[in-house]
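Asks: Single-letter residue listing:
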Amino acid sequence: MTAPSKLAPSVREERTGRAPLLDAPAAIRVESLNVRYGQKAALRDVSLTLREGAITAMVGPSGCGKSSFLATLNRLSDLIPGCRVDGSIRFRDRDVRARETDVLDLRRRVGMIFQKPNPFPMSVRQNIALALSERRRLSRSEIDEIVEHVLQRVGLWDELRGRLDASALALSGGQQQRLCIARALALEPEVLLMDEPCSALDPLASATVEDLILELSEACTVVVVTHNLAQARRISDDLAFFWVRDDAGVLIESGSTRALFRAPRHELTRDYLSGIRG
Amino acid sequence: MRIRGFVAGLAFALLACGGTDQAAIVVTGSSTVAPLMAEIARRFEEQHPGVRVDVQTGGSSRGISDARKGLADVGMVSRAPKDSESDLRWFMVARDGVSLIVDASNSVPGLSKEQVRRIYRREISNWSEVGGPDLPITLVHKAQGRSTLEVFLEYFELEDKEISPDVVVGDNEQGIKTVAGDPRAIGYVSVGTAEYEAGRGTSIRLVPLDGVEASVASVGQGRFPLSRQLNIVTSDEPQGIVAELIQFASSEQVHDLVEAQFFVPVE
Amino acid sequence: MARGMVQTSGVSPMTRQPRQRHARWLDGTVRAVVGLCVAAVVGVFCWIVGDLLLVGVPELSWGFLVEAPIDSGRSGGIAPILVSTLAILAVCLGVSLPLGTSAALLLSELAATDVRLVRVVRRSLDVLAGVPSIVFGLFGNAFFCVALGLGFSILSGGLTLACMVLPILIRATEEGLRSVPSDYRHAAAALGITRTRTIWKVLLPAALPGLVVGLVLGIGRAVAETAALIFTSGYVARIPTSLLDSGRSLSLHIYDLSMNVAGGEPKAYASALVLLMLLLGLISMALSISDRWLSRRMVHT
Amino acid sequence: MFQWSKDHLLLLWLRLAASVCAAILLLVAGFVLLEAFEALRDIGPVRFAADASWHPASEADQGLYNLVPMLSATLFATLGAVLLAGPLGIASALFCQFYAPAWVAQLQRRIIGLLSGIPSVVYGFWGLVVLVPLIRLQAPPGPSLLAGILILAIMIVPTVALIAESSLAAVPEAYLLGANALGISRVGIIFRVAIPAARSGLLTAVILGAGRAIGETMAILMVCGNVVAVPESVFAPVRTLTANIALEMAYAMGDHRSALFVTGVVLLVMVVGLVAVTASFATETTHAESTHG
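Chains as they are written, first to last, in this note's numbering: chain A, 86 to 363; chain B, 77 to 343; chain C, -15 to 285; chain D, 921 to 1213.
Simulated from the structure, these hints should not be mistaken for laboratory data.
The beta-carbon is built from N, C-alpha and C at its ideal position, and this holds for glycine as well.
You may find that some hints are simply not true.
[To be verified] Computed footprint of chain C on chain B, listed as stretches where at least three residues anywhere in the stretch have a Cβ under 8 Å from a Cβ of chain C:
#1 149 to 160
#2 204 to 218
#3 242 to 249
[To be verified] Some, not all, of what chain B presents toward chain C, calculated at C-beta under 10 Å:
#4 T108
#5 E115
#6 T269
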């Protein structure tokens, strides 16, 4: 993981020949976000805009609130006892934090992938079907169609086509994580939040998932938390750099990945991205 | 969904309950009388199709209070009426004796009323003083409220408070099992039960009282001094089917049942 | 499933170092003590069951299962009593299972939001778990039989037992739910799955082992109960035709035979054996259901 | 905190169910108190501790109502049973979880399950026929506190063992593997990882066992001797509170009956005390390991 010394176009652009316009509209706009766990502040005054169609990587040392930030976007923070959130989060034209927001609908539009693969203790097919069949009654063949479709998108179809009814827990870590992604994709999310999706995987599986993220970004906005700077550089369009200040996470700076690696405004960013700190 | 299925099932079952609206006579009370009464009830049901007799066990006091409150049509009481209970109608169905029992290995020949009295007051504390082995006496006593206890205390002119037992038992069988195998122990239980148990090899012996051997036969002949009535009671003069049941229960038609339960039929 | 151990400490020639001699000695001692304890429990079990078998087996026959008791149970069989027992158990579980599982869900899944209710419920259940069965019997008699007018009936008995097994059921289910990793809850939440569906499809299946433990303990407690039933379901040894009929339970029959009927002992032992077999059947059923569930989910199959 | 709009029916049902469960205690306690009220009013609470003895049915004077000997008997019996059954039950749980091969563990579980289902009257019977004569050889008369403790211990082992095991099973595999990876011995893993991680469940197991022991009636009635006296040794016959109710309830009237309900109230108070004590040092556990923070 060496620090980049010279600049290159983002891998994504090179590989897919496509990147979001610099003036793409905001998918999610966060303003003055504060997160506290009981008495302890986790995030202080974070404002950040996530561009539509972009892959935004969030980097920074452990405990700087990246995961907390992510969890507020789909209100998974609701599940954490003692967690309090202030500030404004807008997903397209909707106020995420408003009381009347349909959280379940929000979470279906803003999918999430966790650090540790967490398939349900049931078959591969059921894992995908569980969320799908809740809203509307789907026939067996419709479900099978979707299962095949999403498994193909995550590259699992060929591996798993004969084992759809086997327990998902019997899969390898990389397969499990891709299944979790497939499960989220089945809902056709508009934004996909990924919390260190590769850190629990071996390099090979990690690379597969990384490729997958690039492919996915064509269909939806991706936010990925990562510790791997090379990965962030390889796949992201935008970069947000977090740091711990006074025991709370703060956003130091954000911008296009290329710009940040080339000319960081803050000394901290420069040191971190070049591997001197962190 | 499973819950819904269950609720439906329960509701159905409840509805089904309403359908069986037979005439049921409820009999409650003494656990001594209950097995006999259950057998009588069964025979009565056979003779009267469509009639159900539900026998519930509890205790003599329960029989009286249930009959008074109307919770039961008939109460069962395993003792003679007290003065305070003259508001009820009493019908005797059988007699029962109370026998002193010791372990089969205990060689005590017999006991007099006075000896028993002194044993239970701990004035005699070794079997050798009454002609038995040289062993301390273990007193097995009945719990408060039991009719057997009341009969026992009354006959031996004892106060429950003067007795400090080593073991307190509830039902007859518990008394028998506690005494059986313990050469020190003395207890008292229904004579029929004791006779039956001794007959089938349980390690107990019925101690003659005042020279009269303890047996169902001697109770039947009226020779055995320590005996009690087994009664059934109603709150008012019995009517209709209840009167028939009571008539039946005190008739000769049930004497074989009474004997099968080791009680003495009423002539 | 000797957990997490088999691979390493079972066969671990690499770790034989002098420093660990003490640890190995300790390991051996603890193993011996644990073994001894288990042997004691199993020994007592064998003793009791052996006793039961010795006296009870000669009495057992097909007729014993399908005939009605004669002569206060000294002869004949236990058919009506079996039917009543199963009916009482069905009422008991039918009421306590949905109620208990739901309460356990509240205690486990809503501990953060319904703080006060959860605290009240938990404390009540802790106390309820300690209420003597005889007190339940008295309560059941006064409440179900008299106040609700159900009389001496299978319904009264089953409901009383349901009150009694609830704390056991809830505790065990709650433990089971707590052992379900929060990963599943987060995963389900992130997929926008409703709580209802999460509970039905993910949490309850995953908590099944705990539920089954509760079920086993609850069934055991219910089937073995005497004191609470004397005053509620009653003494009548006749095949019940409805839930409002009085019905004598097997345990009460055993009690009556052994404590109140001279010479009832052999039949009491035989009835106890039948009770044990019934229980064994129910437990095996519960365990095999949970095993089947588990094996479907387990990594190593 | 949750969004319940989609789930309000479920929420409603859960709250209702839980409230019903809590209400049962109110009903039970309320009913027992109501029945006990008469005696508490007529006799006065003091006499239940200060009277010379327990002779509620004697008609000469208004009866004597001292419950202290039975209270002490219940306490001693429960304590003894828990001290015996706690280690036995937890040992059985450890055996199933850490020592036994799968099929042996399964067998052990079934045995434990069966033990829990043997009716207490069978235990009492066995105690009376087997245990009591053995004790009689040592110290007559035989029926004694010791017999009660032994029978109770056997009876509550299943409760302790099954709950202890399910809480040990809930210790995340990762902890155990982690400890294994550090080369910690099996004993070390059991005592320093598994037991601490499962301690709230183990405590629950013992408490539930104690609760069961306090409430056990039929077996204790058959082996304890039922003499109302503060035990001087473990060989002395005793009467527990529950045995007192069971022995006399069916035959009691008026103040006597009400006094037996006072016995029930004392039992309830004991259980409440037990719960209060444990609540003061038991920690609330949350769900198994979480990946976020």
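Asks: Take the hints in turn and mark each one as holding or not.
Replies: Hint check:
no., hint, in the structure
1, 149 to 160, "violated (count 0)"
2, 204 to 218, "violated (count 0)"
3, 242 to 249, "holds (count 4)"
4, T108, "holds, 8 Å"
5, E115, "holds, 6 Å"
6, T269, "holds, 4 Å"
In this structure, the hints that do not hold are numbers 1, 2, in rising order.
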